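A.B. asks: Chain residues, written in single-letter form:
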Amino acid sequence: MFSPDSHILVIDDSSAVRSLVKQQLTALGFRNVLEAEHGKEALEKLDSLSKVGVDVHLLICDWNMPEMNGIDLLLTLKAHAKYKSIPFLMITSESETENVIKAIVLGVTDFIVKPFDESLLSEKLSSIWKRTHQKA
Amino acid sequence: MSFRLVTSHKAQIFQVTTDHLIVADAEACKNEILANKSTFSLVMLDLSKVKIVDSEALNTLAEIGRVFSKDKSGRIMVIGDELVIKAIRDKGLADVLPCYTGVVPVPSEENKSKTLSEMNPEFFFKVTLPAIKENLKIYAKMDADFGKPTVCLQKDRPMADIAGVGGFFCNNRKGSLMLCFKEESYVKIVSSIVKKKHLQLEPKISDWSAELVNSILGRVKSDLRTLGYTFNAGIPAVFVGKDLEVFYSKKLATKLDIVKCTGEFGEFYVELMLTDIEG
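Keeping their order, the protein sequence lines are chains E and W.
In this note's numbering, each residue carries its 1-based index in the first sequence increased by 261.
In this note's numbering, each residue carries its 1-based index in the second sequence increased by 91.
No false leads were mixed into what you were given.
To give a feel for the contact side, a few chain E residues facing chain W, derived at Cβ under 7 Å:
1) Ser276
2) Val278
3) Ser354
4) Lys375
5) Pro376
6) Asp378
7) Lys391
Because the hints were derived from the structure by calculation, they are not lab data.
Here the structure is a predicted model, which means the values were calculated and not measured.
Glycine included, every Cβ here is placed at the ideal spot set by N, Cα and C.
With the hints as extra help, turn the sequences into a complete structure.
C.D. replies: Set out below in structure tokens:
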């Protein structure tokens with residue numbers, strides 16, 4: 262499982278969802294939960310953290326956002342040598358098969374469909390950890 | 092049992108079109124997937140129609156997952172009914188069979204061809220109220236009961252201090268869904284969601300009225316699309332103000348359909364405006 266010291270970046274334009282996910286992650290024991298309102302801000306945060314030697318271990322990102330949506334952020338990260346292997350959990354209320362497949366083909370690690378609670382989030386994190394750990 | 096292969100974005104979907112998945116079916120499914128292994132790297136195994144899954148069949152599906160991803164070149168994922176997904180998780184197979192519930196399968200030919208129910212308030216509430224109940228249950232851990240839908244004039248609508256509203260299109264109709272809360276009920280619900288007691292309506296918790304609408308309409312969209320409807324929703328907005336008044340354009344319906352929702356939080360109202368798309 263991800264270490265409690267893992268840096269997790271939550272990206273969502275809704276402050277409600279950001280605070281909920283942060284609260285859920287804190288309850289699961291994570292101490293370094295960071296927030297960004299959209300994809301552009303997430304990229305800026307990744308760059309600034311990287312400059313001070315901090316690696317982000319997981320991105321939890323909304324699908325629909327202004328500025329840069331979840332898919333655009335995913336594509337940008339996949340083209341980036343330093344960030345392409347960061348696991349990417351997509352939050353969505355868009356649950357059509359076509360969209361899910363599109364995102365998976367583009368490299369999203371897993372999906373979580375709203376509404377979700379702490380136990381489902383924990384299950385997803387555990388599953389992502391095992392899969393990405395096995396691949397390493 | 093029958094399989095249907097759908098190609099989409101270089102991925103393949105296996106749709107299992109049977110109610111009961113038994114071990115022989117799973118074996119057949121395994122053989123077909125593994126025989127096609129070299130042609131694709133991602134398989135979505137769509138078990139949405141499966142209501143009962145045999146324990147042995149589940150093990151066979153897990154075996155496909157393990158074999159398919161052994162050389163790390165392939166991924167297999169399951170889309171399924173909540174009970175099937177629960178069975179996979181309960182058996183500890185979610186790691187080899189990553190799964191998604193609530194994912195809407197490609198509408199079946201049966202649904203595409205059947206005559207759709209008229210999109211009237213009664214039908215819309217039938218789809219929407221369970222979505223509201225689910226959201227309150229998962230987010231706030233609160234149960235909710237609903238009254239009967241009633242019709243009221245705009246000027247007679249119940250007063251609210253905060254409302255989340257989302258517009259949508261559905262086939263030949265358009266409308267909006269509004270959740271109207273008095274401060275006391277809203278604060279109780281959000282306090283329960285964020286696990287922090289709030290005593291009054293503050294800007295930092297007002298977003299939740301829109302987020303609830305967003306999540307509810309997401310579920311409604313999924314359910315209606317499964318039934319063969321087209322449905323698209325916009326970005327929800329929040330209205331805040333003591334005893335706020337909201338009026339729709341006079342060109343739209345002057346009557347609204349209202350459902351009262353009650354629970355340990357007190358009460359709030361679900362308001363629906365539904366009208367035809369002109370032209």
